[in-house]
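Chains as they are written, first to last, in our numbering: chain P, 1 to 340; chain W, 1 to 340.
Derived by calculation from the structure, the hints in this document are not laboratory data. Glycine is no exception: its CB is placed at the ideal position from the N, C-alpha and C atoms. Don't take every hint at face value.
Rough simulated footprint, nothing fancy, chain W against chain P, three-plus residues with beta-carbon under 8 Å [what the hints assert, rightly or not]:
| no. | stretch |
| --- | --- |
| 1 | 31–41 |
| 2 | 57–65 |
| 3 | 277–288 |
Pairs of lysine-lysine residues, derived as DSBU-like cross-links and limited to a Cα-Cα distance of at most 30 Å, are as follows [stated by the list, open to error]:
| no. | chain 1 | residue 1 | chain 2 | residue 2 |
| --- | --- | --- | --- | --- |
| 4 | P | LYS271 | W | LYS180 |
| 5 | P | LYS340 | W | LYS180 |
| 6 | P | LYS180 | W | LYS180 |
| 7 | W | LYS271 | W | LYS180 |
| 8 | P | LYS340 | P | LYS271 |
| 9 | W | LYS340 | P | LYS340 |
2 protein chains.
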Amino acid sequence: MEDPSGDPIADLITSFNELNPSAVEELDEEPSPLEFMRYVARNAPFVVRGAAAGWPAVRRWDDAAYLREQLAGHRVNVAVTPSGNADAPTAMEESEGEGEEEEQDNNNLVFAKPHEEDQLFEEFLSYLTTQEKNLDGRGGGEEEEVRYAQTQNDNLRHEYSSLYSQVPPSIPFARIALQKLPDAINLWIGGSRSATALHRDSYENVYVQVAGAKHFVLLPALCQPCVNERALAPASYSRGENRLRLRAEDRGDRVPFAVWDPDVPDVRATKYSHLARPLRVTLNPGDMLYLPAMWYHKVTQSCSEEGICVAVNYWYDMEFSGPLYPLTSFVRSLGSQATK
Amino acid sequence: MEDPSGDPIADLITSFNELNPSAVEELDEEPSPLEFMRYVARNAPFVVRGAAAGWPAVRRWDDAAYLREQLAGHRVNVAVTPSGNADAPTAMEESEGEGEEEEQDNNNLVFAKPHEEDQLFEEFLSYLTTQEKNLDGRGGGEEEEVRYAQTQNDNLRHEYSSLYSQVPPSIPFARIALQKLPDAINLWIGGSRSATALHRDSYENVYVQVAGAKHFVLLPALCQPCVNERALAPASYSRGENRLRLRAEDRGDRVPFAVWDPDVPDVRATKYSHLARPLRVTLNPGDMLYLPAMWYHKVTQSCSEEGICVAVNYWYDMEFSGPLYPLTSFVRSLGSQATK
């Protein structure tokens with residue numbers, strides 16, 4: 001392992017670690033707008049256990065029959081992948097890629113977009129719950145395709161509008177502090193094999209668990225030099241001959257994307273990855289997470305007894321004035337140079 | 001002029017300029033704690049015209065006779081320099097330095113500390129007002145020594161405690177938002193020849209003009225690559241043979257200090273200096289400036305009709321958690337490398 005002492009990038013990451021908590025802060029109740037703004041100013045995450053326990057969504061949506069009734073006859077967009085790897089760095093199969101075999105090699109990694117199709121909501125839900133029962137009972141399911149309703153396009157106010165009245169239209173402390181309404185309210189419905197690969201968004205994010213659990217791994221924006229961002233060729237799954245086939249896209253820009261996984265820290269690491277100190281937090285039903293703008297997050301999930309994992313998140317556009325955004329871009333430029 | 005396009009440091013400064021206001025924001029009235037916290041979060045300065053117009057200090061301290069009465073018989077610490085250059089990069093005179101003659105040369109620059117001595121307050125004040133009248137009337141004063149009461153050690157609560165009751169003990173919006181009391185409340189009394197050289201502090205700073213005017217030139221922390229920070233040898237003025245003499249200190253660490261002056265932009269510039277976009281704001285009596293932590297500031301001043309310039313500032317310790325402090329240090333490391 002290279003000794004990065006005296007290296008400004010290494011100093012940046014270690015000094016951040018020294019000056020900041022090593023765990024996500026837990027609040028007893030929702031913050032006031034001013035208290036929230038202090039976290040925004042520090043770009044620091046927190047979790048409020050049970051903050052949303054009283055929401056109609058949290059009280060009702062764990063009941064698959066209830067959801068089925070609310071959305072009977074609706075068709076919803078479903079992301080389909082072989083292993084839950086929607087929008088994730090994925091090794092091209094040898095027959096499709098360039099024949100590289102080395103585990104750590106980046107050359108055959110592509111940015112895999114899911115196959116997307118509309119499905120009847122009740123069929124989608126039955127698929128999820130049946131697969132989850134099989135997985136639980138070790139009755140198979142490991143080889144089946146994975147389905148995930150994860151359109152991050154304000155779907156709760158559009159695709160799932162019949163459910164929208166069961167969540168608040170905004171999070172009061174965030175609305176008052178940030179002086180804006182959410183750009184998007186997203187509903188996520190999936191199973192235990194779906195994951196969201198490490199990435200970041202230019203949104204202040206309030207994430208609420210509704211059913212099942214989500215397991216977050218978090219890294220601050222300045223850990224960019226740890227995440228091994230690569231320009232991946234885009235590829236998409238499509239259905240063919242009874243299996244999903246991943247094909248490189250003929251056109252389409254390469255996607256800059258983190259290929260380091262903090263849960264597999266020795267693979268595809270940069271010389272800075274070992275300096276990262278990921279924060280881990282699990283959200284259970286009713287828990288609320290403030291995920292600050294530009295923080296990297298990887299998310300895995302567990303299902304409720306009904307066999308589903310459901311969450312809602314609120315995206316508030318981040319503040320682009322001030323030093324955070326340009327400094328984050330600066331670290332990215334330097335980090336990309338240093339880890340080429 | 002070197003073209004720095006494609007240079008991450010140049011991109012950092014220009015993208016900050018594009019995303020941020022080109023003037024200090026002006027508020028009609030003091031912000032609420034939440035409104036203030038939004039500025040802290042953006043690390044963005046603002047001025048509130050007349051916010052302190054009702055303070056007893058602002059109503060009374062422009063009257064030199066009143067001040068003299070309040071502090072009669074008190075001895076106060078006075079910084080004495082030949083030209084108002086206390087704590088400023090200063091060229092060693094040839095006989096004392098290494099004989100370098102070139103104007104732009106950095107080698108003969110030292111960090112000049114003032115001669116400090118205790119003076120009877122009434123004598124100090126008479127010196128100021130008399131000098132200022134002479135300067136105004138062109139009756140001389142340009143060659144006389146410059147005196148400035150500028151001890152930044154919480155002097156209003158100690159050295160000048162008889163005046164302290166005439167200002168608030170804290171600024172309410174800052175106390176509530178930052179959840180702390182000021183580390184220091186500083187009183188500044190000087191004349192029009194004193195200046196404070198470009199520097200920065202790790203404090204959230206609320207600056208209130210009491211008498212006369214202060215002229216601020218401000219640069220965000222990420223302009224470090226523009227300010228030409230150099231490790232200057234320390235030197236001090238002392239009285240000798242009817243004049244002030246600047247002597248290098250035998251011991252004492254070098255002082256890292258900005259040697260670029262945004263008011264003389266072509267001298268001692270770095271390749272990035274021309275990218276800086278200084279914000280300028282003048283404070284008149286009763287005006288209040290929020291000067292965010294780590295912003296560079298150069299301050300010059302003008303006197304009231306009484307011939308004095310008086311100000312008070314509140315220093316609140318900055319938040320060291322979050323990304324601002326480590327990222328500021330990171331820019332400094334990279335900036336120092338790039339402008340060596």
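These are the hints, each one checked on the structure:
1. 31–41: holds (count 6)
2. 57–65: violated (count 0)
3. 277–288: violated (count 0)
4. LYS271/P x LYS180/W: 40 Å, violated
5. LYS340/P x LYS180/W: The hint is violated at about 44 Å.
6. LYS180/P x LYS180/W: 28 Å, holds
7. LYS271/W x LYS180/W: 40 Å, violated
8. LYS340/P x LYS271/P: Satisfied, since the Cα-Cα distance of roughly 11 Å is no more than 30 Å.
9. LYS340/W x LYS340/P: 25 Å, holds
The structure fails hints 2, 3, 4, 5 and 7 (numbered hints given earlier, in ascending order).
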